[in-house]
Amino acid sequence: MAVVFDKPHALADMPMHYCPGCTHGIIHRLVAEVIDELGIEGRTIGIAPVGCSVMAYDYFNCDMIEAAHGRAPAVATGVKRADPDKHVVFTYQGDGDLASIGMAETVHAAARNENITVIFVNNAIYGMTGGQMAPTSLPGQVTQTSPYGRDTKHCGFPIRVCEMLSELEGPEYLERVTVNSVANIRKAKKAIKKAFQNQLDGKGFSLVEVVSTCPTNWGMTPQDALKWLEENMLPYYPLGVYKDRSAEEGDK
Amino acid sequence: MAKLTFKTDRCKGCGLCVNACPKKLLQLAPDKINKKGHHPAEITDQDACVGCAACAMMCPDCVIKVER
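In order, the protein sequences belong to chains A and B. Going by our numbering, 120 is the number at position 120 of the first sequence; the sequence numbering is gapless. Going by our numbering, 1002 is the number at position 2 of the second sequence; the sequence numbering is gapless.
Keep in mind the hints are simulated off the structure, nothing from the lab. Small disclaimer: the values here were computed from a predicted structure and weren't measured. C-beta: ideal position from N, C-alpha, C; glycine also. Careful: at least some of the hints might be erroneous.
Computed footprint of chain A on chain B; a stretch qualifies when at least three of its residues, placed anywhere within it, have a C-beta under 8 Å from a C-beta of chain A [unchecked claim]:
1) 1037-1049
2) 1057-1066
Simulated pairs of lysine-lysine, DSS-like, Cα-Cα distance not exceeding 30 Å [said to hold, decoys possible]:
3) Lys1035(B) / Lys7(A)
4) Lys227(A) / Lys1036(B)
5) Lys7(A) / Lys1024(B)
6) Lys1007(B) / Lys227(A)
7) Lys187(A) / Lys1003(B)
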């Protein structure tokens, strides 16, 4: 019998601290599978964020660095520029890290078309700190700090990161995917692989936004959370490719 | 003929694999508790499994190894 599915080599063999049903585990695995398939484990350096995935450095077998909150793209810039031909650099960030405190670093790394790969996990809430409203929380969404639902008159509107960055000239590749079903997991892996391949080809800033769940802080079972994601998050955060400069230039 | 192997003590009992199985062959063992205190996933009918690996793809914790 042949093994058709097992833990990828680039993922460390240790239990993850994530809550039951948290999709972080799936996204970690997809990144590790891509690292395996491209054969780049020995030259990959990951930058871990602050947030639920703060301990991502324990879960990957490649080298990892822990950045200050939100500063992963800035740290990635330094690591990449130190030896651009050797290092393959990715950041793994949540929405509180990337879209809130780290927004400046994200936007400027994209504007500079820094040759790095960014994996952006958007679950519309601050997970690690206990479920407060995030910049990506949906209008009307109940969180610890918006118990009557997010009031857009008082708190403004959630930020669509892919759409916002797509207005910049800089970035090479922006795509939004999700992991709520096997079909979508396959698509997400394809997008993550392309984001790494772009870096190997020297094309520039590639960001994959993964629409994700937080069953614990949303107050749902993992199954209900996936359903809620499909019914509420996907209409506000539509899936798709928001920028693919090489493909656009190829068309001309 | 396919074979599923579970790292039972890694299972957090989230049930995503149970829902992912197109043939509904998985369940959270009602009479077992693992080291973490969860009811771990198990297969009810190994012979009926075709090894599509949908369960393993949905599992956030790499609990399931699939051979075919």
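*Counting residues of the stretch 1037-1049 of chain B whose CB is closer than 8 Å to a CB in chain A, do you get three or more?*
violated (count 1)
*Under the criterion that the straight-line Cα-Cα distance not exceed 30 Å, is the pair Lys227(A), Lys1036(B) satisfied?*
Holds. Lys227(A) to Lys1036(B) sits at ~26 Å (cutoff 30 Å).
*Three residues minimum, CB to CB under 8 Å: does the stretch 1057-1066 of chain B make the cut for coverage by chain A? Let me know.*
Holds, because 9 residues of the stretch 1057-1066 of chain B bring their Cβ atoms closer than 8 Å to Cβ atoms of chain A.
*Sort out whether Lys7(A) lies within 30 Å of Lys1035(B), counting only the CA atoms.*
holds, 20 Å
*Is Lys1007(B) within 30 Å of Lys227(A), Cα to Cα?*
Measuring from Cα to Cα gives roughly 27 Å; hence the hint holds.
_Pair hint outcome, Lys187(A) versus Lys1003(B) [Cα-Cα no greater than 30 Å]_ = holds, 26 Å
*For the pair supplied as a hint, Lys7(A) and Lys1024(B), confirm whether the alpha-carbon distance does not exceed 30 Å.*
Holds, because 23 Å separates the two Cα atoms, which is no more than 30 Å.
Of the hints listed earlier, the one the structure fails to meet is number 1.
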